[in-house]
Amino acid sequence: IAGITQAPTSQILAAGRRMTLRCTQDMRHNAMYWYRQDLGLGLRLIHYSNTAGTTGKGEVPDGYSVSRANTDDFPLTLASAVPSQTSVYFCASSDGPFTDTQYFGPGTRLTVL
Amino acid sequence: KQEVTQIPAALSVPEGENLVLNCSFTDSAIYNLQWFRQDPGKGLTSLLLIQSSQREQTSGRLNASLDKSSGRSTLYIAASQPGDSATYLCAAFGGGADGLTFGKGTHLIIQP
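In order, the protein sequence lines correspond to chains A and B. Position 88 of the first sequence, counted from 1, bears residue number 88 in this note's numbering, the numbering being contiguous throughout. Counting from 1 along the second sequence, just add 113 to a position and that's the residue number in this note's numbering.
In case anyone wonders, no lab produced these hints; they're calculated from the structure. Just to be clear, a hint being listed does not mean it is correct.
Unchecked claim - Simulated crosslink set (DMTMM-like; lysine to aspartate or glutamate; CA at most 20 Å straight-line): (1) 114/B to 73/A; (2) 217/B to 38/A; (3) 155/B to 38/A; (4) 217/B to 26/A; (5) 114/B to 26/A; (6) 57/A to 169/B.
What the hints assert, rightly or not - Looking from chain A toward chain B, a few residues come up when the C-beta cut is under 7 Å (computed): (7) 60; (8) 63; (9) 64.
None of the values given here were measured: they were computed from a predicted structure. Quick reminder that beta carbons are idealized off the backbone N, C-alpha and C, glycines included.
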């Protein structure tokens, strides 16, 4: 069992380009989340999904979009990347959206030049 | 807006000591509180989850307590080992759009 996989592991991207970060979980968890981690700011929630077919905005959603077409996948798209989106991105999942442990993927390190 | 603070920001102790990491949060309306460990360049590993109705949780040498009314949680590590060296993060879960609100972490070094 892999848990949560994220791809790519790292990426350097030119500003203005479109980029999709992939997240797949094999635990059949209902809820999934995207966080970004920045030095000095810690981890912050970008978007979340309590169940397949639904999504919601977190603390820092601007410039990002998500979709949840099925239980296992939760891609994060940057429509037009900007340097301030340089960060480490973590995907997480939990069985239930309110009471269960969140499990994190290994992260994607994104640099926007 | 929930704010989570962790004290101390960094801690270095000799192997074998018992230690306490502190976490405080401003909004007591939480569903649960989680403690995580993060090794350099790695993802987060969940250590303990305490539901809002619980007072403490234990796993091996780790014990976490929760006092919602005072907005505090502590992580107690017994008989520390060099392998415990990592950054420890606490996070309060407010549900939905609030997600997990993280503290900035305690960077722990256990000296052999």
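Going through the hints against the structure:
no., hint, result
1, 114/B to 73/A, "29 Å, violated"
2, 217/B to 38/A, "10 Å, holds"
3, 155/B to 38/A, "14 Å, holds"
4, 217/B to 26/A, "29 Å, violated"
5, 114/B to 26/A, "33 Å, violated"
6, 57/A to 169/B, "31 Å, violated"
7, 60, "11 Å, violated"
8, 63, "17 Å, violated"
9, 64, "14 Å, violated"
Checked against the numbered hints listed earlier, the structure breaks hints 1, 4, 5, 6, 7, 8 and 9; every other hint is satisfied.
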